[in-house]
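2 protein chains.
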Amino acid sequence: MAGKVQAKRDALRSKLIKIAYNKIASDGSSAIKARELAAEAGCSVGAIYNLFSDLHSLIMVVNLQTFQELGDFVVGKVAQSTADEPVEQLIVMGHAYLDFASDNIGIWRTLFDVQGAGADAIPDWYWDEIAKVLALIELPLRQTISEKSDDEIKVMTRILFSSVHGIVLLGLKGSIFETPREALELMIEVVVRRFVENN
Amino acid sequence: MAGKVQAKRDALRSKLIKIAYNKIASDGSSAIKARELAAEAGCSVGAIYNLFSDLHSLIMVVNLQTFQELGDFVVGKVAQSTADEPVEQLIVMGHAYLDFASDNIGIWRTLFDVQGAGADAIPDWYWDEIAKVLALIELPLRQTISEKSDDEIKVMTRILFSSVHGIVLLGLKGSIFETPREALELMIEVVVRRFVENN
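Going down the list, the protein sequences come from chains A and B.
Everything in the first sequence is counted per the working numbering, starting at 1 for the first residue and increasing by one.
Everything in the second sequence is counted per the working numbering, starting at 200 for the first residue and increasing by one.
Please keep in mind that the hints were generated in silico from the structure rather than gathered at the bench.
Quick reminder that beta carbons are idealized off the backbone N, C-alpha and C, glycines included.
Please note: incorrect hints may appear among the correct ones.
[What the hints assert, rightly or not] Under the rule of at most 30 Å between Cα atoms (straight-line distance), these lysine-lysine pairs were calculated in the DSBU-like manner:
| id | chain 1 | residue 1 | chain 2 | residue 2 |
| --- | --- | --- | --- | --- |
| 1 | B | Lys232 | A | Lys33 |
| 2 | A | Lys154 | A | Lys77 |
| 3 | B | Lys207 | A | Lys173 |
[To be verified] Just so you have them, the derived chain B footprint on chain A, three or more residues with Cβ under 8 Å:
| id | region |
| --- | --- |
| 4 | 75-84 |
| 5 | 166-174 |
[Claimed, not checked] Label pairs and their computed distance ranges (CB to CB):
| id | chain 1 | residue 1 | chain 2 | residue 2 | range |
| --- | --- | --- | --- | --- | --- |
| 6 | A | Gly76 | B | Asp271 | 43 to 49 Å |
| 7 | A | Ala131 | B | Phe311 | 41 to 47 Å |
| 8 | B | Ser348 | A | Ala79 | 33 to 39 Å |
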């Protein structure tokens, strides 16, 4: 009997995450409203708060899924490419990041939309997921940079990720530096090469 | 008589811009609501729409002011500094950008908050203001990069600005890479040096 209750809870939880994911994908995280989620899931508003402490927690669970999709997508792109030099791999990753962001703009933006909540409100598993994505970059970057400590490599990884993120963010359709795809790919390539090849 | 009417219009316009600026500074652009602005300015909602075609236009006027403040602030910091090498000047500018962003987070975020409106909805004078800020970076950057066309220098400027923007955006308090100020300053220095000194 307890198993059956748990299964129902799990099913509702999955359903709510899926609805929230789709809403964020089409309209961003501000589209997440308890009443609408409840109506769409066919549950009460109270049932949502039995499963998630607040709507921010639900959004963070959607973000967890997005981080995993982003990581898988980037890994897939590197595997498909013929890039064997570390710098080329980093460029493939940068371009994959651009692809993911432009094809998934709502869920991608929401990854970084932790403001207000404040860093204190970010659960540990969230940092773990970010670390997993950064570790993908760290590996080739480490091969290009000699004589750096682990901590320094981690900082370098954040700098490079943030730089590519800035280019993607400001260059995407509807942003202030809206830039055609090919030119944006070249900008990413330039920053990666300048960053990596300057040792 | 017409002069008096015009003076009243101008006074209300300035008042509305000031109120909007303060609201954005404390709560971001989503805090801009016609009813509240009207109440605070002591005018009707209709009077706002006589002066601004919509609230987005009002926000763009606030952004114009912010761009000018940002430009003045960066110029002031460079003037105060002892940096004479172009790369050092670029680092001072990057640090000034970090200072401005962290001290004026609401109005700074709103500068980039043109989504939804779409690039088509951005007036020409907005691009001119962005170009003025970018021209500050272009000047020292040009001195460090030889044999590039004007168009290439403009692209390099956008890449460098976007990179520093990404580092600031993700590193500020409340963001996912929240980083202490000194470490963030160092990250900016690293990206500027690697970008500029790799020719």
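Hint numbers contradicted by this structure: 3, 4, 7
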